[in-house]
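There are 2 protein chains.
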Amino acid sequence: MSDKVVGILGGGQLGRMLASAASLLNIQIVILDVGEDAPAKQVLASSKHIDGSFKDQQKIAELASQVDVLTVEIEHVDVDALDAVRKSHPNVEIHPAPETIRTIQDKFRQKEHLKKHSCPLGEFMSVDPTPDSIKSATEKLGLPLMLKSRTQAYDGRGNFLLRSLSDIDNAINALGSGSRPLYAEKFLPFSKELAVMVVRSTSGQVASYPVVETVHKDNICHLVFAPLHIADAGLCKRAEEIARNAVTTFEGAGVFGVEMFLLKDGTITINEIAPRPHNSGHYTIEACETSQYSNHLRSILSLPIGSTTLKVPASVMLNLIGVSDSMEPIKSVCSKALEVPGASVHLYGKKDCRKGRKMGHITLVAPSDAELHDRLRPLLETLPSSSSSSIDQEKERQNEVALYTPLQPSPTHSHPQPLVSIIMGSDSDLPTMLPASQILTRFSIPYELTIVSAHRTPARLYSFAENASARGVKVIIAGAGGAAHLPGMVAAITGLPVVGVPVRSSTALDGVDSLYSIVQMPRGIPVATVAINNSTNAALLAIRILSTADPRLLVKMEEYMKDMEGEVLGKVDRIQEGGWGNYEVKKH
Amino acid sequence: MSDKVVGILGGGQLGRMLASAASLLNIQIVILDVGEDAPAKQVLASSKHIDGSFKDQQKIAELASQVDVLTVEIEHVDVDALDAVRKSHPNVEIHPAPETIRTIQDKFRQKEHLKKHSCPLGEFMSVDPTPDSIKSATEKLGLPLMLKSRTQAYDGRGNFLLRSLSDIDNAINALGSGSRPLYAEKFLPFSKELAVMVVRSTSGQVASYPVVETVHKDNICHLVFAPLHIADAGLCKRAEEIARNAVTTFEGAGVFGVEMFLLKDGTITINEIAPRPHNSGHYTIEACETSQYSNHLRSILSLPIGSTTLKVPASVMLNLIGVSDSMEPIKSVCSKALEVPGASVHLYGKKDCRKGRKMGHITLVAPSDAELHDRLRPLLETLPSSSSSSIDQEKERQNEVALYTPLQPSPTHSHPQPLVSIIMGSDSDLPTMLPASQILTRFSIPYELTIVSAHRTPARLYSFAENASARGVKVIIAGAGGAAHLPGMVAAITGLPVVGVPVRSSTALDGVDSLYSIVQMPRGIPVATVAINNSTNAALLAIRILSTADPRLLVKMEEYMKDMEGEVLGKVDRIQEGGWGNYEVKKH
Numbered sequence: 052m053s054d055k056v057v058g059i060l061g062g063g064q065l066g067r068m069l070a071s072a073a074s075l076l077n078i079q080i081v082i083l084d085v086g087e088d089a090p091a092k093q094v095l096a097s098s099k100h101i102d103g104s105f106k107d108q109q110k111i112a113e114l115a116s117q118v119d120v121l122t123v124e125i126e127h128v129d130v131d132a133l134d135a136v137r138k139s140h141p142n143v144e145i146h147p148a149p150e151t152i153r154t155i156q157d158k159f160r161q162k163e164h165l166k167k168h169s170c171p172l173g174e175f176m177s178v179d180p181t182p183d184s185i186k187s188a189t190e191k192l193g194l195p196l197m198l199k200s201r202t203q204a205y206d207g208r209g210n211f212l213l214r215s216l217s218d219i220d221n222a223i224n225a226l227g228s229g230s231r232p233l234y235a236e237k238f239l240p241f242s243k244e245l246a247v248m249v250v251r252s253t254s255g256q257v258a259s260y261p262v263v264e265t266v267h268k269d270n271i272c273h274l275v276f277a278p279l280h281i282a283d284a285g286l287c288k289r290a291e292e293i294a295r296n297a298v299t300t301f302e303g304a305g306v307f308g309v310e311m312f313l314l315k316d317g318t319i320t321i322n323e324i325a326p327r328p329h330n331s332g333h334y335t336i337e338a339c340e341t342s343q344y345s346n347h348l349r350s351i352l353s354l355p356i357g358s359t360t361l362k363v364p365a366s367v368m369l370n371l372i373g374v375s376d377s378m379e380p381i382k383s384v385c386s387k388a389l390e391v392p393g394a395s396v397h398l399y400g401k402k403d404c405r406k407g408r409k410m411g412h413i414t415l416v417a418p419s420d421a422e423l424h425d426r427l428r429p430l431l432e433t434l435p436s437s438s439s440s441s442i443d444q445e446k447e448r449q450n451e452v453a454l455y456t457p458l459q460p461s462p463t464h465s466h467p468q469p470l471v472s473i474i475m476g477s478d479s480d481l482p483t484m485l486p487a488s489q490i491l492t493r494f495s496i497p498y499e500l501t502i503v504s505a506h507r508t509p510a511r512l513y514s515f516a517e518n519a520s521a522r523g524v525k526v527i528i529a530g531a532g533g534a535a536h537l538p539g540m541v542a543a544i545t546g547l548p549v550v551g552v553p554v555r556s557s558t559a560l561d562g563v564d565s566l567y568s569i570v571q572m573p574r575g576i577p578v579a580t581v582a583i584n585n586s587t588n589a590a591l592l593a594i595r596i597l598s599t600a601d602p603r604l605l606v607k608m609e610e611y612m613k614d615m616e617g618e619v620l621g622k623v624d625r626i627q628e629g630g631w632g633n634y635e636v637k638k639h
Numbered sequence: 052m053s054d055k056v057v058g059i060l061g062g063g064q065l066g067r068m069l070a071s072a073a074s075l076l077n078i079q080i081v082i083l084d085v086g087e088d089a090p091a092k093q094v095l096a097s098s099k100h101i102d103g104s105f106k107d108q109q110k111i112a113e114l115a116s117q118v119d120v121l122t123v124e125i126e127h128v129d130v131d132a133l134d135a136v137r138k139s140h141p142n143v144e145i146h147p148a149p150e151t152i153r154t155i156q157d158k159f160r161q162k163e164h165l166k167k168h169s170c171p172l173g174e175f176m177s178v179d180p181t182p183d184s185i186k187s188a189t190e191k192l193g194l195p196l197m198l199k200s201r202t203q204a205y206d207g208r209g210n211f212l213l214r215s216l217s218d219i220d221n222a223i224n225a226l227g228s229g230s231r232p233l234y235a236e237k238f239l240p241f242s243k244e245l246a247v248m249v250v251r252s253t254s255g256q257v258a259s260y261p262v263v264e265t266v267h268k269d270n271i272c273h274l275v276f277a278p279l280h281i282a283d284a285g286l287c288k289r290a291e292e293i294a295r296n297a298v299t300t301f302e303g304a305g306v307f308g309v310e311m312f313l314l315k316d317g318t319i320t321i322n323e324i325a326p327r328p329h330n331s332g333h334y335t336i337e338a339c340e341t342s343q344y345s346n347h348l349r350s351i352l353s354l355p356i357g358s359t360t361l362k363v364p365a366s367v368m369l370n371l372i373g374v375s376d377s378m379e380p381i382k383s384v385c386s387k388a389l390e391v392p393g394a395s396v397h398l399y400g401k402k403d404c405r406k407g408r409k410m411g412h413i414t415l416v417a418p419s420d421a422e423l424h425d426r427l428r429p430l431l432e433t434l435p436s437s438s439s440s441s442i443d444q445e446k447e448r449q450n451e452v453a454l455y456t457p458l459q460p461s462p463t464h465s466h467p468q469p470l471v472s473i474i475m476g477s478d479s480d481l482p483t484m485l486p487a488s489q490i491l492t493r494f495s496i497p498y499e500l501t502i503v504s505a506h507r508t509p510a511r512l513y514s515f516a517e518n519a520s521a522r523g524v525k526v527i528i529a530g531a532g533g534a535a536h537l538p539g540m541v542a543a544i545t546g547l548p549v550v551g552v553p554v555r556s557s558t559a560l561d562g563v564d565s566l567y568s569i570v571q572m573p574r575g576i577p578v579a580t581v582a583i584n585n586s587t588n589a590a591l592l593a594i595r596i597l598s599t600a601d602p603r604l605l606v607k608m609e610e611y612m613k614d615m616e617g618e619v620l621g622k623v624d625r626i627q628e629g630g631w632g633n634y635e636v637k638k639h
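For the protein sequence lines, the chains are X and A, in the order given. Residue numbers for the first sequence follow the working numbering, beginning at 52 and rising by one. Residue numbers for the second sequence follow the working numbering, beginning at 52 and rising by one.
Some hints here could point you the wrong way.
Since copy identity is lost for identical chains, a pair holds within one copy or between any two.
As the list claims (entries may be wrong) - Lysine-lysine pairs mimicking PhoX-like chemistry, simulated, CA-CA at most 20 Å apart:
id, residue 1, residue 2
1, K106, K138
2, K607, K382
3, K613, K288
4, K167, K315
FYI, nobody ran anything at the bench for these hints, they're computed from the structure.
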């Protein structure tokens with residue numbers, strides 16, 4: 052534990068969440084920000100908070116004189132003032148290091164730094180805010196061209212996507228009329244935006260949180276899904292490595308948010324890095340063993356870094372962005388959230404609501420991706436909208452739902468977030484496998500159903516099995532007949548549990564060929580084999596398997612078994628009361 | 052959402068955690084307690100907090116004049132003052148209702164109330180604080196006899212266990228020298244103490260959190276394990292029902308803590324009820340979808356009650372109780388907790404540490420009971436101790452570990468918190484089943500191993516299968532030969548996944564008899580069958596099954612598969628380089 056006093060430059064929502072984390076550890080915090088009721092000052096009563104700007108040299112020095120460690124919740128601070136503090140208060144630690152903040156707060160310098168350290172980046176170059184310089188950049192990097200202010204840019208402010216040369220004057224005007232330094236980035240059409248939070252200790256060791264998918268709307272962080280599920284088995288490991296390597300190159304301790312692009316060809320480039328807790332790490336409060344806020348404090352105080360592991364199967368963060376001066380639309384979505392299981396509302400206590408202002412966020416946790424999307428849908432349906440017409444609002448909400456929480460197209464189409472994958476070697480196996488789909492539907496288990504033939508589509512078999520767990524699939528049910536290689540080959544490639552259904556495809560061996568082909572696997576690779584043609588039991592087994600992660604399914608299974616018992620006991624009564632002379636046996 | 056202002060009588064740790072929950076919802080809170088820095092006042096800056104006692108009528112009225120809803124974090128408030136507020140401030144809601152607090156704060160009245168409503172209770176009776184009255188109580192309720200103060204009693208203060216008649220004078224002295232009203236309870240030797248947190252809405256609906264096991268030390272709450280795992284399949288449902296029924300009988304909204312005894316014969320009696328968030332519900336902050344604090348606020352504000360579901364597989368709360376005036380021993384265990392994955396430290400910011408004072412708590416979460424105990428052990432090993440001699444401290448700590456986190460007696464004895472249960476029909480199956488145990492050991496999966504014979508111990512089979520999931524077992528591996536009924540019969544009784552190993556017990560049918568007996572289960576009851584005699588694969592399948600709940604196991608399984616691949620590729624090299632003439636095939 053630590054008795055050091057921590058000073059934070061900035062008292063917004065990140066400072067507020069840092070202050071809440073600090074109070075749990077009895078860590079004394081002093082906030083520097085303008086006003087008596089900055090969000091962070093509200094959650095930690097202290098007569099020592101300082102009223103002033105985090106860009107004010109004198110105020111920063113005043114803060115330094117009261118604390119043992121200085122840190123930031125925003126990178127747009129006065130780094131010269133931090134340098135001055137380093138001289139005037141040599142005993143005050145500053146995290147991250149002022150030179151780290153200086154490098155990062157100038158996005159062009161940040162890119163140069165990352166390039167020097169061989170981090171993966173898109174092409175970029177310096178430009179002057181003049182038509183000639185920009186034109187020459189388009190000749191090198193092509194059109195469209197991303198023009199960015201080097202400094203004081205966040206939430207998309209300071210970015211201009213130049214689509215044609217005729218827009219150059221507009222761009223210069225939008226980006227400060229030539230008064231602010233710019234640079235240019237090659238426009239990269241990405242398939243997803245990713246982020247990884249990284250904690251760096253005072254001794255330079257780094258630990259990373261899981262890879263998340265971030266979704267931006269009007270250039271502001273909108274949704275963060277954790278963990279990322281995608282059909283690329285090695286992607287998350289790669290993204291985490293890139294993020295850790297990048298953060299290793301900076302000096303000083305703390306949490307860093309690494310934002311990345313996943314390009315359409317599967318490569319990852321770093322977009323930008325924040326030297327502080329980050330919007331894409333809010334989810335860690337409810338979803339991880341240690342929050343990014345707790346870990347930021349631990350790291351800057353040289354305390355042990357806490358576990359960055361997810362403690363829930365799925366989570367999503369929804370930002371609550373003001374759409375007008377009215378707080379009412381935000382309150383509506385919060386009210387809806389109180390009805391949704393697994394939702395935690397975080398309001399930041401900001402006095403005034405404004406369009407584009409971050410007023411709060413909601414974190415949802417759920418036992419599966421599918422349930423997470425079901426929980427998110429009603430929130431997107433009540434999402435604040437800045438449209439004035441109610442028709443446009445309705446359209447915007449429908450669009451949100453269609454984009455991020457689409458419904459299954461029909462009950463006999465694959466679910467977008469399947470927990471179970473039913474595969475079969477041939478379409479002729481479909482009638483045998485349909486009872487499995489009916490059981491999964493009855494238990495409301497999201498599943499997909501498709502054909503994967505070991506012998507006719509071996510490449511598809513390999514990539515299916517290789518990527519299944521990365522997509523979020525938890526159990527595979529594979530049906531095959533004759534020389535039934537599908538279940539065993541899938542089990543040889545994935546580490547997931549594979550349930551094998553021996554299909555009685557020819558009468559030659561009555562399905563015993565399929566059974567032996569599936570059950571007699573060599574030591575090392577198990578297939579959970581059920582009875583010949585009994586896909587019902589395969590699905591029931593898949594549900595029992597899933598119940599190890601979701602105890603509610605065990606309750607449902609026990610009810611199902613009670614129902615079966617009741618049915619048979621009903622027959623006992625019928626045979627007892629009506630006698631067996633007239634008893635009619637019903638076929639399934 | 053609600054714009055109502057909430058006043059809280061009491062500003063201790065429960066008020067502090069209520070205040071933190073309130074800040075997330077922008078709910079304005081006013082705290083009434085003595086001093087400027089009561090724990091609750093520290094985490095919610097407000098100029099409106101009132102400095103005064105929660106027993107002071109005038110201060111309570113002052114609080115009422117500032118708020119819309121009054122609630123309590125302690126039941127020892129002045130109920131007459133609340134009644135007065137009801138008249139003077141008719142628009143202020145009071146939750147729970149003053150008559151509820153009045154009933155509950157007098158433990159004898161509380162018992163009478165519960166008895167009137169047919170809640171299960173041990174025998175009790177009123178006694179006067181006189182030798183005659185107490186003697187006559189021992190004649191009715193026997194010795195030892197539990198004597199309790201009716202009011203102002205908590206954390207064991209106000210309790211006296213009378214072991215013999217010669218102690219009556221001591222008892223009277225200890226319990227207020229005849230100045231305080233007493234009552235007597237029949238002494239019930241219990242096997243466990245249980246608790247259930249119940250939320251009651253303003254409309255009288257109740258929702259319950261999971262049953263937890265509470266462990267007291269020196270009469271103060273020491274450990275709380277959630278959820279309860281015990282070899283009694285129906286117990287948790289029963290305990291939750293009893294708790295909900297009891298809370299239904301009280302008026303007003305809020306969270307109630309219901310403490311219960313589980314007697315040795317399996318019956319449950321209510322010990323006592325707290326009309327507020329409770330120490331046995333601290334774990335809900337990190338472990339449940341909604342914390343008891345958030346739900347207390349939601350319920351008293353007529354907002355929707357949040358989901359009370361656990362979001363993690365296992366959790367435990369460890370109270371940090373002062374052992375002296377020094378905070379150092381508490382800080383030591385907190386420092387240790389920072390090294391433990393899944394640990395969250397909560398310090399309450401109390402200015403002075405004292406022996407017996409609740410200074411904070413630590414909540415641990417983990418993916419399994421076994422891992423939870425492994426994480427708890429180092430904390431118990433650094434537990435603050437009030438013994439002055441270091442030998443006694445060491446003994447106390449060893450005793451704690453032996454009681455609550457005992458180690459597996461040896462690698463070939465059953466683990467105390469098994470995730471997998473290996474059972475076999477006969478000891479003759481042991482050699483066939485041993486490879487399963489070796490695989491589970493290699494993957495560090497906690498398991499038990501025993502004999503359950505379907506044909507020779509059918510009653511044991513039934514109770515084993517019925518209670519397995521209640522004990523926390525997640526997967527059963529059952530090996531049997533010949534007319535192999537064990538796996539299928541177990542699967543017919545439990546909803547857990549059952550992996551069947553056909554044992555080749557006689558040479559008559561080469562194990563095909565066992566295979567068919569296990570795999571050809573009727574529709575409705577699946578057994579995950581592996582190859583004949585291949586218990587290795589049964590264990591590997593069990594691990595794949597467990598990986599659906601614990602993704603780290605999937606990573607380990609993929610490494611295992613990579614190792615196997617590497618071994619075979621090594622043989623490829625050997626046969627390539629040395630030629631196949633001298634190649635020697637190694638037997639397993």
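Against the structure, the hints:
Taking identical chains as interchangeable, the C-alpha atoms of K106 and K138 lie at most 20 Å apart only when both belong to the same chain, with a minimum of 18 Å there against 53 Å between chains. For the homomeric pair K607 and K382, neither the shortest alpha-carbon distance inside one copy (36 Å) nor that between copies (45 Å) is at most 20 Å. With identical chains, the CA atoms of K613 and K288 are at most 20 Å apart between copies only, with a shortest distance of 16 Å across copies and 44 Å within one. For the homomeric pair K167 and K315, neither the shortest alpha-carbon distance inside one copy (25 Å) nor that between copies (70 Å) is at most 20 Å.
The structure shown violates the earlier hints numbered 2 and 4.
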